[in-house]
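K.L.:
Read top to bottom, the protein sequences are chains H and A. Mapping to our numbering: the first sequence position 2 is 62, numbers consecutive. Mapping to our numbering: the second sequence position 26 is 125, numbers consecutive.
Because the hints were derived from the structure by calculation, they are not lab data. One or more of the hints may lead you astray.
To be verified - Capping the alpha-carbon separation at 30 Å, the derived lysine-lysine pairs in DSBU-like fashion look like this:
1. A/Lys-165 with H/Lys-128
2. A/Lys-113 with H/Lys-61
3. A/Lys-119 with H/Lys-102
4. A/Lys-113 with H/Lys-128
5. A/Lys-119 with A/Lys-154
6. A/Lys-154 with H/Lys-128
7. A/Lys-119 with H/Lys-128
Here is what each chain is made of, one letter per residue.
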Amino acid sequence: KQEVTQIPAALSVPEGENLVLNCSFTDSAIYNLQWFRQDPGKGLTSLLLIQSSQREQTSGRLNASLDKSSGRSTLYIAASQPGDSATYLCAVSTGANSKLTFGKGITLSVRP
Amino acid sequence: GAVVSQHPSWVICKSGTSVKIECRSLDFQATTMFWYRQFPKQSLMLMATSNEGSKATYEQGVEKDKFLINHASLTLSTLTVTSAHPEDSSFYICSAISGSRQETQYFGPGTRLLVL
């Protein structure tokens, strides 16, 4: 059974800091990995999707890396801003139409 | 980008009543829709997978007679929580996969259910 772990559960940083959010998964036989953002009481916004054959994806100030063999992914946020405050969820899938297995998320607070 | 809506966004009901939640793909046809549940400070847990025109596939531990799922068209799936109890209070989120872009799940904004 696939398990996704995100540690720590919460993180508080000052504005402008570069930061790394970690995600680990137990079964390396994944199809892809996604990072999502969730604001309080809201749905999910997809940030980055990495195919199992890829090593990283970039979008603006965000960079996600994937090391499938070790079961790890990181989300790098450059020059953090208060607007980045949210919960960041990592999820893996085992196929194109298959379900996502989510971690519990990391709640990020960026202090002005 | 693809948009998924949910209705209602929140609902409060009395214990024992049934509640229907709608999930719609607004600008694409969704061959597959997923229903997730999220308790406070917990991850999203998949409840069931529904494919248009066929019966939903439920995850282990999810009662299919309690959580009725209907995926009658390529743009609409409904989740009905029957005889709701306070422990059913949760955040319910649906997602949809486009037939043309099967790798990406597009999520709805969620429905918060409070059962008194």
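K.L.:
For a C-alpha distance cap of 30 Å, please report whether A/Lys-113 and H/Lys-128 respect it.
P.N.:
47 Å, violated
K.L.:
Verify the proposed pairing of A/Lys-113 with H/Lys-61, using a straight-line Cα cut of 30 Å.
P.N.:
36 Å, violated
K.L.:
Could you grab the alpha-carbon distance between A/Lys-165 and H/Lys-128 and see if it respects the 30 Å cut-off?
P.N.:
This hinted pair is violated, its Cα atoms lying about 38 Å apart.
K.L.:
Does H/Lys-128 lie within 30 Å of A/Lys-154 when you go C-alpha to C-alpha?
P.N.:
34 Å, violated
K.L.:
Given the hinted pair A/Lys-119 and H/Lys-128, is their alpha-carbon gap at most 30 Å?
P.N.:
Between A/Lys-119 and H/Lys-128 the Cα gap is close to 40 Å, so the pair fails against 30 Å, i.e. violated.
K.L.:
Taking 30 Å as the top limit, are the C-alpha atoms of A/Lys-119 and H/Lys-102 close enough?
P.N.:
19 Å, holds
K.L.:
Are the Cα atoms of A/Lys-119 and A/Lys-154 separated by 30 Å or less?
P.N.:
17 Å, holds
Checked against the numbered hints given earlier, this structure breaks hints 1, 2, 4, 6, 7; the rest are met.
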